[in-house]
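A.B. asks: Listed below are the residues making up each chain.
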Amino acid sequence: EDQVTQSPEALRLQEGESSSLNCSYTVSGLRGLFWYRQDPGKGPEFLFTLYSAGEEKEKERLKATLTKKESFLHITAPKPEDSATYLCAVQADAQGAQKLVFGQGTRLTINP
Amino acid sequence: NAGVTQTPKFQVLKTGQSMTLQCAQDMNHEYMSWYRQDPGMGLRLIHYSVGAGITDQGEVPNGYNVSRSTTEDFPLRLLSAAPSQTSVYFCASSYSTTGGAGGYTFGSGTRLTVV
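Just so you know, the protein sequences line up as chains H and E, in that order. If you use my numbering, the first sequence corresponds to residues 1 to 112, in order. If you use my numbering, the second sequence corresponds to residues 1001 to 1115, in order.
With the rest of the complex left out, here is chain H (with noise of 0.2 Å):
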């Protein structure tokens, strides 16, 4: 069974203090690892899809890379209007193409 473990659940961190979110998955072929920025009360929002172990993105204090186990969100001196919930999505071969798997979420915070 295809199967997405986000760590850790919950991370609070001071204003310019930098760190990584884990997203560890086991899935039967990867398609396609998303990450996304949920705010409270509302819908997630895109930021990065990773296609192949080695593969890295870019957007502005945040960073995504992918092995073939698992990947890490680097965020580099974040800010408060950083924190939100981070969520992590596959896409296997097994489930069809059209189907994606979500992890928990890790909710950040940043203290000013």
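Misleading hints may appear alongside valid ones.
What the hints assert, rightly or not - Computed footprint of chain E on chain H, listed as stretches where at least three residues anywhere in the stretch have a Cβ under 8 Å from a Cβ of chain E:
#	region
1	29-43
2	103-112
Claimed, not checked - Here are the simulated lysine to any residue pairs, SDA-like style, with alpha carbons at most 20 Å apart:
#	chain 1	residue 1	chain 2	residue 2
3	H	K99	E	D1038
4	H	K42	E	P1008
5	H	K57	E	T1113
6	H	K99	E	Y1064
7	H	K69	H	P8
8	H	K42	E	L1112
9	H	K99	E	G1042
10	H	K99	E	N1062
11	H	K42	E	Q1022
12	H	K42	E	T1113
13	H	K42	E	G1003
14	H	K99	E	T1113
Said to hold, decoys possible - Across the chosen pairs, the derived CB separations fall in these ranges:
#	chain 1	residue 1	chain 2	residue 2	range
15	E	P1039	H	E58	17 to 23 Å
16	E	M1027	H	G41	35 to 41 Å
17	H	G16	E	S1069	48 to 54 Å
18	H	P8	E	T1007	33 to 39 Å
19	E	A1002	H	Q3	15 to 21 Å
20	E	T1113	H	G16	37 to 43 Å
21	H	T5	E	F1010	30 to 36 Å
22	E	M1041	H	L11	28 to 34 Å
Everything labelled a hint here was simulated from the structure, so no lab data went into it. Ideal Cβ positions, reconstructed from N, Cα and C, are used throughout, including at glycine.
With chain H's structure known, arrange chain E on it following the hints.
C.D. replies: Below, chain E without anything else, positioned relative to chain H:
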């Protein structure tokens, strides 16, 4: 503004009542889907559609029906509401059936409470 529009934003139902959650997109996306989000669990796929007239089941389809008569609209029907269907429901769409480089665009959600 272009995007995915969900209505209503909030709804309270009594057990056994039926209702339809509306979802509309104006981006000419072929792929549309419904997810539910519960505390401590990831988003779970209910139903999806790869184009007008085509729908299929996701991970948790029981108690829900969908139809896709137009490219723009993808309503979700609760046939006989149960307390276990209390959740936040999200509609998502994508140009590509695989999500692709642009990912899925999500609506702002419908918070449903069944009492």
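A.B. asks: If a hint holds in the structure, say so; if it doesn't, say that too.
C.D. replies: Hint-by-hint comparison with the structure:
1. 29-43: holds (count 7)
2. 103-112: holds (count 3)
3. H:K99 / E:D1038: holds (18 Å)
4. H:K42 / E:P1008: Holds. K42 of chain H to P1008 of chain E sits at ~14 Å (cutoff 20 Å).
5. H:K57 / E:T1113: This hinted pair is violated, its Cα atoms lying about 39 Å apart.
6. H:K99 / E:Y1064: holds (17 Å)
7. H:K69 / H:P8: holds (17 Å)
8. H:K42 / E:L1112: The given pair, whose Cα atoms are some 14 Å apart, holds under the 20 Å limit.
9. H:K99 / E:G1042: Holds, at about 13 Å.
10. H:K99 / E:N1062: holds (17 Å)
11. H:K42 / E:Q1022: holds (16 Å)
12. H:K42 / E:T1113: holds (17 Å)
13. H:K42 / E:G1003: Measuring from Cα to Cα gives roughly 13 Å; hence the hint holds.
14. H:K99 / E:T1113: Measuring from Cα to Cα gives roughly 26 Å; hence the hint is violated.
15. E:P1039 / H:E58: 17 to 23 Å: Violated: the Cβ-Cβ distance is about 32 Å, outside 17 to 23 Å.
16. E:M1027 / H:G41: 35 to 41 Å: violated (23 Å)
17. H:G16 / E:S1069: 48 to 54 Å: Roughly 52 Å apart at Cβ, these two residues keep to the hinted range, so it holds.
18. H:P8 / E:T1007: 33 to 39 Å: holds (35 Å)
19. E:A1002 / H:Q3: 15 to 21 Å: 34 Å Cβ-Cβ, so the 15 to 21 Å window is violated.
20. E:T1113 / H:G16: 37 to 43 Å: holds (40 Å)
21. H:T5 / E:F1010: 30 to 36 Å: holds (31 Å)
22. E:M1041 / H:L11: 28 to 34 Å: Violated - the Cβ-Cβ distance for M1041 of chain E and L11 of chain H, about 19 Å, lies outside 28 to 34 Å.
Hints 5, 14, 15, 16, 19 and 22, counting from the list given before, are not met by this structure.
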